[in-house]
Amino acid sequence: MKVTVKIKRFNPETDTEPHWETYEVDADPMDSALSLLLHIKWHIDGSLTFRKSCGHGICGSDAMKINGENRLACSVLVKDLVKGEGDTITFEPLPTAPVIKDLVIDQSRFFEKYRAVKPWLITRTPPPERERLQSPEDFALIEEATKCIMCGACTHACPSTWADPEYLGPAALLKAYRYTFDSRDEGAEERLPVVDSREGLWKCYTIFNCNEACPKEIDISRWLSALKRRAVMEVAAR
1 MKVTVKIKRF
11 NPETDTEPHW
21 ETYEVDADPM
31 DSALSLLLHI
41 KWHIDGSLTF
51 RKSCGHGICG
61 SDAMKINGEN
71 RLACSVLVKD
81 LVKGEGDTIT
91 FEPLPTAPVI
101 KDLVIDQSRF
111 FEKYRAVKPW
121 LITRTPPPER
131 ERLQSPEDFA
141 LIEEATKCIM
151 CGACTHACPS
161 TWADPEYLGP
171 AALLKAYRYT
181 FDSRDEGAEE
191 RLPVVDSREG
201 LWKCYTIFNC
211 NEACPKEIDI
221 SRWLSALKRR
231 AVMEVAAR
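Heads up: the sequence shown at position 86 corresponds to 86 in UniProt numbering, and the numbers run straight through without jumps.
The set of hints was computed from the structure by calculation and includes no laboratory data. Hints should not be assumed to be uniformly reliable.
To be verified - Result set (EDC-like, lysine to aspartate or glutamate): computed pairs, CA atoms no more than 16 Å apart in a straight line:
| id | residue 1 | residue 2 |
| --- | --- | --- |
| 1 | Lys101 | Glu17 |
| 2 | Lys41 | Glu21 |
| 3 | Lys118 | Asp196 |
| 4 | Lys8 | Glu21 |
| 5 | Lys228 | Asp196 |
| 6 | Lys2 | Glu24 |
| 7 | Lys101 | Glu69 |
| 8 | Lys83 | Asp28 |
| 9 | Lys228 | Glu199 |
| 10 | Lys118 | Asp185 |
| 11 | Lys6 | Asp106 |
| 12 | Lys2 | Glu92 |
| 13 | Lys8 | Glu24 |
| 14 | Lys2 | Asp80 |
| 15 | Lys228 | Glu212 |
| 16 | Lys6 | Glu92 |
| 17 | Lys79 | Asp31 |
| 18 | Lys6 | Asp45 |
| 19 | Lys101 | Glu199 |
All chains should be modelled from the sequences, with the hints used to inform the complete structure.
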């Protein structure tokens with residue numbers, strides 16, 4: 001069937017503001033949204049710019065706004081975006097970030113916030129001879145959070161991020177949860193002051209946009225609530 005593809009485009013070298021361009025594309029209902037962009041890039045307009053890598057929902061690089069929702073282009077199918085012949089699919093860059101070109105955003109601030117929460121194991125005790133062991137029960141506390149692929153769909157769907165670009169955002173805070181609640185980690189006293197701050201946890205108002213946007217269906221709001229409780233307990237224990 002034929003579908004109409006509308007793409008919000010912007011080339012800083014030639015454009016003063018973004019504009020929409022429209023393409024007619026032959027598509028199969030089981031094609032991914034990414035395959036439509038690749039067809040346009042390869043066969044219609046080679047100047048179209050977007051990010052993609054693995055194409056299998058693992059790398060997170062092709063997150064964008066599709067039909068008004070933040071999604072991974074490789075993980076959503078045409079049949080889930082249109083009802084029939086001639087319907088329209090829209091593509092836009094993720095909101096709130098500067099656009100480098102077309103569907104490619106500048107992710108510098110996103111990853112600055114990620115690094116700020118110290119997303120690595122912090123240990124002080126001498127390492128064991130082989131490895132730091134973790135029980136299945138302890139891993140279960142962080143298992144869902146480890147599935148985050150850092151696509152940014154949640155952060156760019158968050159109204160708090162829209163209102164305040166300095167807010168750490170759900171992706172970074174989820175990483176803070178993942179390491180703070182890791183039974184092998186000893187860095188809570190370093191990490192929690194970063195998230196228990198004006199631009200951290202307390203600008204999360206549990207709106208659930210992050211949950212809806214997450215392509216891995218992580219219950220982000222649940223884990224951020226757990227991190228809030230941990231932060232409060234740490235303050236009370238001082």
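- Task: May I ask which of the numbered hints given earlier this structure violates, with the numbers listed in increasing order?
- Result: 7, 11, 12, 15 and 19
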